[in-house]
Amino acid sequence: MAKHVSFAQVNAAYSPIPSTPSPTFSTSSLPSVSDPPTPPMHSAPLFHPRSPFEAKKNPLPNSPLEEMSIHFFLAYNPLKGGLPALDYDITRPPTFLLDSQITLPEFHEAATEPPLPTLYITYPTLLSPISVFAGDVGYVTISDVFHAIYHAFLLPTTTEEYENVPRGRIPEVNGAYYERCGRAPNTKAQLRWGIKRIDLLGGRHRFLGLSGTLRGLDIWQLHVD
Numbered sequence: 000m001a002k003h004v005s006f007a008q009v010n011a012a013y014s015p016i017p018s019t020p021s022p023t024f025s026t027s028s029l030p031s032v033s034d035p036p037t038p039p040m041h042s043a044p045l046f047h048p049r050s051p052f053e054a055k056k057n058p059l060p061n062s063p064l065e066e067m068s069i070h071f072f073l074a075y076n077p078l079k080g081g082l083p084a085l086d087y088d089i090t091r092p093p094t095f096l097l098d099s100q101i102t103l104p105e106f107h108e109a110a111t112e113p114p115l116p117t118l119y120i121t122y123p124t125l126l127s128p129i130s131v132f133a134g135d136v137g138y139v140t141i142s143d144v145f146h147a148i149y150h151a152f153l154l155p156t157t158t159e160e161y162e163n164v165p166r167g168r169i170p171e172v173n174g175a176y177y178e179r180c181g182r183a184p185n186t187k188a189q190l191r192w193g194i195k196r197i198d199l200l201g202g203r204h205r206f207l208g209l210s211g212t213l214r215g216l217d218i219w220q221l222h223v224d
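Sequential numbering of the sequence shown, starting at 0, is according to numbering that gives the first Met the number 0.
The hints are simulated quantities; they were obtained by calculation from the structure and are not laboratory data. Some hints could be false.
Here are the simulated distance ranges between beta carbons [as the list claims (entries may be wrong)]:
# : residue 1 : residue 2 : range
1 : Arg91     : Gly134    : 33 to 39 angstroms
2 : Arg214    : Arg191    : 32 to 38 angstroms
3 : Gly215    : His150    : 19 to 25 angstroms
4 : Arg203    : Ser127    : 16 to 22 angstroms
Owing to the predicted nature of the structure, the values given are computational and were not obtained by experimental measurement. The beta-carbon is built from N, C-alpha and C at its ideal position, and this holds for glycine as well.
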């Protein structure tokens with residue numbers, strides 16, 4: 000019988016069978032990170048007993064859920080110095096992980112136990128959660144989660160999201176914006192396109208995992224560093 004290690008009420012990991020509007024830009028050189036943009040206009044991973052559930056066809060639960068576990072590739076380790084199972088920069092396409100850190104069959108394993116057709120990912124500076132929908136297999140996979148996160152943070156931010164950033168974090172958001180634009184080969188174009196959601200992370204791009212929340216068994220919080 001599978002055992003679960005709870006992190007925060009519903010947050011547990013399992014391991015299956017292996018197999019903006021634009022800030023104003025008026026000079027040819029980048030402004031210093033202290034110059035605020037014009038507000039936008041528009042520990043080692045935990046290992047757990049193996050579960051054979053993923054071999055079933057579309058194994059979605061038919062009764063109300065009382066417990067939910069996250070795949071250990073996606074699980075947040077709250078212990079001090081804990082490391083994520085995968086070393087992933089969310090600014091890079093998720094396929095970057097294939098072969099080097101995860102196999103294709105593992106990439107398409109269910110993200111949760113029991114599997115879900117939809118889950119939602121929150122982050123403090125996002126006003127609405129990232130929605131992750133199942134593909135053809137009928138339940139959300141690891142691939143679905145990483146692709147949803149990657150594409151969500153490519154989007155431009157909104158006035159409301161920018162104004163929702165705590166005042167003390169505005170400088171790091173602005174700094175992340177200028178640093179990203181400065182690294183891009185089309186710097187001036189990036190500056191014109193404005194602040195993106197990825198800038199709201201303040202330069203924190205390393206995926207640390209997902210943890211459970213008290214808002215629902217299908218709602219998970221993103222952790223980055």
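Here is how each hint holds up against the structure:
1. Arg91 with Gly134: 33 to 39 angstroms: 21 angstroms, violated
2. Arg214 with Arg191: 32 to 38 angstroms: 37 angstroms, holds
3. Gly215 with His150: 19 to 25 angstroms: 23 angstroms, holds
4. Arg203 with Ser127: 16 to 22 angstroms: 19 angstroms, holds
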